[in-house]
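**Student:** Here the structure of chain A is known, so what remains is to put chain B in place on it, guided by the hints.
Here's the letter readout for the chains.
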Amino acid sequence: MLGYLARRLAQAVVVVFAMSIIVFVGVYAIGNPIDVLIDPGATQEIRAKLIAQYGLDQPLWRQYFTFLANVAQGDLGTSMVYNIPVVDLVFSRLPATLELVFVSVCIATFIGIPAGLYAGYKPGSLAARAIMALSVLGFSVPTFWIGMLLIMAFAVNLGWLPSGGRGDVGSLFGIPTSLATADGWSHVIMPALNLSLFKMGLLIRLTRAGMVEAMQTDYVKFARAQGLPDRQIVFNHVLRNISIPIVTVFGLELGSTLAFAVVTESVFTWPGVGKLIIDSILQLDRPVMVTYLVLVVILFVLINLVVDLVYARLDPRVRLKGKA
Amino acid sequence: MTRATLKSAVAALALLGTASTAMADDLVIGLRAGPDSIDPHWSTLGSQAEALRHIYDTLVDVDDNLQLKPGLALSWEAVDDTTWDFKLREGVKFHDGSDFTAEDVKFSIERIPEVTGPMSMTLYTKYVDSVEVVDDYTLRIHTKGIAPALPNDFTRLFVVPSETGMEARNEEFNSGAKAIGTGPYTFVSWQPKGDLVLEKFDGYWAETPEWDKVIRKEIPDDAARVAALRSGEVDMINYVPASDYLAMKNDSGLETFISDSVYILNVQPSVVDEEPQPITLNGEPVDGNPLQDVRVRKALDLAINRDVLVNVVLEGLGTPANQLMPEGFFGYSDKIGAREYDIEQAKALLAEAGYPDGFEIDFTCTNNRVPGDAVVCEALAQMWSRLGLKVKAQALNGTVFFPAAARKEYTMAMSAWGTLTGEAAYTYGALAHSPDEEKGFGNFNRTGYSNPEFDKVFDEGAQTLDPEARRKLYEEASYIAMEDRALIPTVILQTVWAADAASLTFAPRVDQETRAYEIWPAK
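Just so you know, the sequences run in chain order A and B. Quick note on numbering: the working numbering labels position 323 of the first sequence as 330, and the sequence is numbered without any gaps. Quick note on numbering: the working numbering labels position 203 of the second sequence as 225, and the sequence is numbered without any gaps.
In case anyone wonders, no lab produced these hints; they're calculated from the structure. Any given hint might turn out to be false.
In silico EDC-like links for lysine to aspartate or glutamate, alpha-carbon gap of 16 Å or less [to be verified]:
id, chain 1, residue 1, chain 2, residue 2
1, B, Lys412, B, Glu306
2, B, Lys430, A, Asp42
3, A, Lys56, B, Glu460
4, B, Lys222, B, Asp47
5, B, Lys148, B, Glu460
6, B, Lys115, B, Glu136
7, B, Lys148, B, Glu136
8, B, Lys461, A, Glu52
9, B, Lys148, A, Glu52
10, B, Lys166, B, Glu460
11, A, Lys56, B, Glu136
12, A, Lys56, B, Glu459
13, B, Lys166, A, Glu52
Chain A is faced by these chain B residues, among others (derived, beta-carbon under 10 Å) [to be verified]:
id, residue
14, Asp48
15, Gly52
16, Lys115
17, Gln213
18, Gly216
19, Arg247
20, Leu251
21, Arg252
22, Asn390
23, Asn419
24, Gly420
25, Val422
26, Ala426
27, Ala427
28, Asp458
Computed from a prediction, not measured in an experiment: that's the story for all the values here. We treat Cβ as the ideally placed atom computed from N, Cα and C, and that holds for glycine.
Extracted from the complex, chain A is given alone in its bound form (with noise of 0.2 Å):
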């Protein structure tokens, strides 16, 4: 177990210096942050200076050893754009995100995994049916159109909801959240359904391929015949063997979710990480590119780490071994 925890933190490491290379060949292939940056008015003195400031004239070997050669001093550096620390940049933003892919998850798995149940259980009926008509649309139209849609409702005509934005911050067992307040809430509800609907699809998907396969296997007939109330057969027997590709899914799922939330967070303006790093991405603020990569690698990593984990308490025969 020890060594398994090791060679996956090697793992993240590795994979943390190649993203942050990555981040600093593809900037530097690219071309200069300065001109995409600089005033229509700065004359070529004005260039030199600043470009020689931030370092981008030396050779790009060197500045990734001064790159490095900070990280171990725990200075992740300065956003070019904003001048402040970029961890505390990134973390002004990421409650918001973590907050709505939260409410966002809570969602899906709430709604989808009973869904995919129940679609399972009685493939034939007409809810059934329902069900796995609206799940097609769930991942197969575009999250920013039906967030258009949402808003156009709820937001414009009904005016049940507000548009967008985030709503009063308040405390929960400590921590400042908007999942505290009323109004936070009448905030989050909205972008965190629009987000939700393409896992939920999924989900619904999986669960139920994986209940039709179930309940024709011989345990379930020997159960059956023994008697158990279907109610306990699903629950109890079938849903834990079913859950191993669920629970793969549902990791991949919310690691992309946080990490590219973006669209929804536009659409709805939630004060989010992922407009941040879309404005970074274009005006090439290398500092806040890296950080928040090596944040999502480290992000992934540590949610695959958690699925292996459960996939051994879901299932006995999995063993996590040093050489997973």
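**Tutor:** Leaving out everything else, chain B in the frame of chain A:
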């Protein structure tokens, strides 16, 4: 329900929605872009200056047409070739109650080189050699060389109290600790990409502001901004997309405001000896660079149908351009007539230049910098194909376009240029002057255009302190560069604002700024 009834139901509901706006004394504005910092000396970004203008005043202000008017300085004059005196306004208070004096201006000028970022504000202090405080309300600036544009540069000189201290950086400003100015509104809170919240400053030296509280929300997504207005979340938005403009114009609940902007889409033909992307005919590179021939450039110009660009391509949101600045700007030449579309004459000129069968040419544009850049790019390519050219048009993201343009990799390019200072030196000095590092001119000359006659007239203007004589020289310089087709201006872009008709009125500005103190409650 038929489509028509559905539509009217939606419209009715939309009206109900817009009726419920924020409290009468508060103003909520949805803006495409906000500041990068609350430090007024950090960046030259337009949206930065626009936001911070509410908190800090500039030494010199500009009117609706970007021409100079008194700000914190009441008057200014050149005492001799390298000395300017600025008379300052008396009785002005900072938000913390301290008095505004010449020391504060001196401190602000000296602070800029210490703290400014990649969008360097030293641009506005580059002529300043030293600053001398004559008395509390008189400031003397010694310049490096003759600097007729000094007052123009000071339209972006925001003044902070000298007590701020040289150590204060963006974080102290963003937190509000140092966000102290003399402006009409005081700083309450801000976060990067978030809302900027402002409160009325009762001790403001000019008219007391109309709104008790102003919230400037950053909503970069066009559709989301429109939705925010329609749902009553905000009272007003800027940069209404062309597609929504027509619907809003017909909506009685909403008022739209249109203004020409300072931005003009310019075609930049490279006139260097060997063009960066080869111009070919039947697959073979042609001899020399055809764009060096002014007849070819004139042919390109004549083949542009600017009325079609404005009315069809930009859906009416533009004005034909005949030079690099809008009318009324300092140095705008009346001698340049409207640019007519004449395809026959264009073809004749092209044949005369030795290209009766045209040629194949690359044409590269930006696609996300200003509204309409990509569509105008495509339309131009089509217009030139009528001239017999084969145009390979490509619209690129600015992140890719600008560094490559700086490396002069394009044979023919198009991007927008805004005359942000309202005078010709800024635009023609950067775009049309021969590159000259010493004088700081030609720094955005991507075409290699170099005309000694233009340089001579322009340089003389840049060395002339008398405004009227300078204006004449700049007009002449504009005329020379435009007759040469150094760059080919196409259209002046327009900007649209929209607001809840019942709650406010607004006078749109050519610099596209949305200033809370120029928005009034509807009577």
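**Student:** Does each hint fit the structure? Answer for all of them.
**Tutor:** Against the structure, the hints come out as follows:
Only pairs whose Cα atoms come within 16 Å are accepted, and lysine 412(B) paired with glutamate 306(B) is accepted, the gap being roughly 13 Å. At most 16 Å may separate the alpha-carbon atoms for a hinted pair to count; lysine 430(B) and aspartate 42(A) meet this at roughly 12 Å. For the hint pairing lysine 56(A) with glutamate 460(B), the CA-to-CA distance comes to about 14 Å; that is within 16 Å, so the pair holds. A threshold of 16 Å between alpha carbons decides the hint, and for lysine 222(B) with aspartate 47(B) the separation of about 10 Å falls inside it, so the pair holds.
For the hint linking lysine 148(B) to glutamate 460(B), the alpha-carbon distance of about 12 Å falls within 16 Å, and the restraint holds. In summary, the hint linking lysine 115(B) to glutamate 136(B) is not supported, as the alpha carbons are separated by about 25 Å, beyond the 16 Å threshold. With a C-alpha separation of about 13 Å, the suggested pair lysine 148(B) and glutamate 136(B) falls inside the 16 Å cut-off, and the hint holds. With a CA separation close to 10 Å, the supplied pair lysine 461(B) and glutamate 52(A) stays within the 16 Å bound.
Proposed proximity of lysine 148(B) and glutamate 52(A) is supported: the alpha carbons are some 10 Å apart, at most 16 Å. For the given pair, lysine 166(B) sits about 12 Å from glutamate 460(B) by alpha-carbon distance, which is consistent with the 16 Å threshold. Between lysine 56(A) and glutamate 136(B) the alpha-carbon distance is near 13 Å, which keeps this suggested pair within the 16 Å criterion. With a C-alpha separation of about 13 Å, the suggested pair lysine 56(A) and glutamate 459(B) falls inside the 16 Å cut-off, and the hint holds.
At roughly 15 Å between alpha-carbon atoms, lysine 166(B) and glutamate 52(A) fall within 16 Å of each other, so this suggested pair holds. At a threshold of 10 Å, the smallest CB-CB gap from aspartate 48(B) to chain A is about 15 Å, leaving the interface hint violated. With 10 Å as the threshold, the beta carbon of glycine 52(B) comes within range of chain A, its nearest partner Cβ sitting at about 8 Å, so the hint holds. Restraint check, lysine 115(B) versus chain A: the minimum CB separation of about 29 Å is more than 10 Å; hint violated.
Taken as an interface hint, glutamine 213(B) checks out: its beta carbon lies about 6 Å from the nearest beta carbon of chain A, inside 10 Å. For the restraint placing glycine 216(B) at the interface with chain A, the shortest Cβ-Cβ distance is roughly 5 Å, inside the 10 Å limit, so the hint holds. Interface restraint check: arginine 247(B) against chain A, minimum CB-CB distance 8 Å, threshold 10 Å, status holds. A hinted interface residue such as leucine 251(B) counts as satisfied when its beta carbon comes closer than 10 Å to some beta carbon of chain A; here the least separation is about 9 Å, so the hint holds.
Of the supplied interface hints, the one on arginine 252(B) holds, with its beta-carbon coming within about 5 Å of a beta-carbon of chain A, less than 10 Å. Proximity of asparagine 390(B) to chain A holds as hinted, the smallest CB-CB distance being about 8 Å (cut-off 10 Å). Contact between asparagine 419(B) and chain A, as hinted, is supported at the beta carbon level, the nearest pair being about 7 Å apart and thus within 10 Å. Residue-level restraint check for glycine 420(B) holds (minimum Cβ-Cβ distance to chain A is 7 Å; threshold 10 Å).
The closest approach between the C-beta of valine 422(B) and any C-beta of chain A is roughly 6 Å, which is under the 10 Å cut-off, so the hint is satisfied. Taking 10 Å as the C-beta contact cut-off toward chain A, the hint placing alanine 426(B) at the interface holds, the least distance being around 7 Å. The closest approach between the C-beta of alanine 427(B) and any C-beta of chain A is roughly 8 Å, which is under the 10 Å cut-off, so the hint is satisfied. Among the interface hints, the one on aspartate 458(B) holds; its C-beta lies about 9 Å from the nearest C-beta in chain A, closer than the 10 Å criterion.
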